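**Student:** Each chain, written out:
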Amino acid sequence: MNTKMKTLSMAVLGLVGFTAAGAAMAQCPASLVPPWSATNIGGGTSAASSVTGGYDSTACRLQSSLGNSGSARAQVRDDTPANETRYRAQFIFDPASLSGAGGTNQAYVFLANSAAPFNGLLQMVRMQYGGSGGGTKRLFITAACNNGTTNICTGQLDLPTQAGPNRIEIDLTVGPSGTLRYWVTPLATATTDGSPTGTVTITGGNAGWVGVDQAYLGLGSPTSAFRTVNTGNNAYFDQFDSRRQTFIGN
Amino acid sequence: MKKIISGLVAVAAVIGAPAAFAQTCAAPGAPSPITAAPINFNSACTAADEFGSICSGSVIATGTSAVYSLQVGAANNFTITVTPSTGTYDHAIFLIGPNSCAQTTPCVADADNAGPGAAESLDPADNLPAGTYYLVIDSTAGPTGCVPSAVSVTANLPVSLQDFSVE
Chain A
1 MNTKMKTLSM AVLGLVGFTA AGAAMAQCPA SLVPPWSATN IGGGTSAASS
51 VTGGYDSTAC RLQSSLGNSG SARAQVRDDT PANETRYRAQ FIFDPASLSG
101 AGGTNQAYVF LANSAAPFNG LLQMVRMQYG GSGGGTKRLF ITAACNNGTT
151 NICTGQLDLP TQAGPNRIEI DLTVGPSGTL RYWVTPLATA TTDGSPTGTV
201 TITGGNAGWV GVDQAYLGLG SPTSAFRTVN TGNNAYFDQF DSRRQTFIGN
Chain B
1001 MKKIISGLVA VAAVIGAPAA FAQTCAAPGA PSPITAAPIN FNSACTAADE
1051 FGSICSGSVI ATGTSAVYSL QVGAANNFTI TVTPSTGTYD HAIFLIGPNS
1101 CAQTTPCVAD ADNAGPGAAE SLDPADNLPA GTYYLVIDST AGPTGCVPSA
1151 VSVTANLPVS LQDFSVE
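The listed protein sequences correspond, in order, to chains A and B. Read left to right, the first sequence gives residues 1 to 250 (my numbering). Read left to right, the second sequence gives residues 1001 to 1167 (my numbering).
Be aware that a few hints might be false.
With beta-carbon atoms standing in for the labels, derived distance ranges [to be verified]:
no., chain 1, residue 1, chain 2, residue 2, range
1, B, Pro1148, A, Thr136, 55 to 61 Å
2, B, Asn1040, A, Ser57, 34 to 40 Å
3, A, Ser97, B, Asp1123, 28 to 34 Å
4, B, Asn1099, A, Ala115, 15 to 21 Å
5, A, Phe118, B, Ser1100, 25 to 31 Å
Derived list of chain A stretches under chain B, where covered just means 3 residues or more per stretch with a C-beta under 8 Å from a C-beta of chain B [said to hold, decoys possible]:
no., region
6, 82-95
7, 129-135
8, 212-225
9, 231-240
Just so you know, the hints here were simulated from the structure itself, not pulled from any lab data. All figures in this text were calculated on a predicted structure; none of them were measured in a lab. Glycine included, C-beta positions come from ideal geometry on N, C-alpha and C.
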């Protein structure tokens, strides 16, 4: 049975509009909690808020920017997962205002964490925005894996839309033969469950991490190179949706 | 007249003192538990990498971690400064708690903006809930090693009059 675990669309909150002085205006919520479980904001002038300009006909989106600190974060947190051994999540990520300069220019955009560390690691899936060294904007995808050495298995790809919104989806299976599939497409591109953009091979499985228990969305943990070119620059996120079984798609 | 610093619970450090140089959550480094300020001590950095991430798992922590505990009382207002002994190591410092020391523990305050070799200083909000907090000296930049550091806990606290007598 497929179970829809939850939908947390930043846009949902923004659907309530009002008319003032004859002009229709979108009103985005002053607080991100609820629908999110909490915000996680710290490090210099880091900030996260709901602002107008949502994607795909929605009104509002999450705006995230980082201050000049290696521990900077401007994230929202979802505590509803409960040791999920199958975890699908989708969100929209717009890096238009971020620079892609520098090969070590990286910051988190999404985390799916376990309830407790295994092999010293808590982050079961880590997605990082990054530069290629030649200015191309990339997504680095890291999965916890029991490979006997680094305990991480990685993948990367160039974002298909460099100056606008991308739709990102993952499907994580936890177990001795764990899998991670991902879809990274332009906003309007149709996707199907059977045709992911790619996979990350989870060598040695990921059973030791038990399951996804918490998720973060938004910029965080910037490298020094990211801070050099992107301190104060906004990234945008929208339409977060997470489920146990059912493909989210578009 | 006898005064105590009200922000730090006066507990004899010798009671239940952990192993001197373990510098882990289970056995914070000497002079843990820190019960009074101001205090200055050296962090020898002999610990392992206990934190792969920190701040409830939201921030990377790549370097070797050294952990110290602080007993914080009801009224408190303090700062912590950590200065590395070499000019190349870019450390980050985190105050996590209360009463928990793990990758999943929230960060109360943190600092990682000074750059390699420079002192990092964190200044938590005044009057944190009383309890045990943990100073974690780590790094978000370097995957290996840490270096000995000078640690200073400076209190700017109202003092409580515990007893007064005229003889």
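**Student:** For every hint, state whether the structure bears it out.
**Tutor:** Hint-by-hint comparison with the structure:
1. B:Pro1148 x A:Thr136: 55 to 61 Å: Once the Cβ atoms are compared, 41 Å apart, the range 55 to 61 Å for Thr136 of chain A and Pro1148 of chain B is violated.
2. B:Asn1040 x A:Ser57: 34 to 40 Å: Roughly 59 Å apart at Cβ, these two residues miss the hinted range, so it is violated.
3. A:Ser97 x B:Asp1123: 28 to 34 Å: 31 Å, holds
4. B:Asn1099 x A:Ala115: 15 to 21 Å: 18 Å, holds
5. A:Phe118 x B:Ser1100: 25 to 31 Å: 19 Å, violated
6. 82-95: Coverage by chain B is violated for the region 82-95 of chain A (0 residues, Cβ < 8 Å).
7. 129-135: It is violated, with 0 qualifying residues against the three required.
8. 212-225: Holds: 6 residues of the region 212-225 of chain A have a Cβ under 8 Å from chain B.
9. 231-240: violated (count 0)
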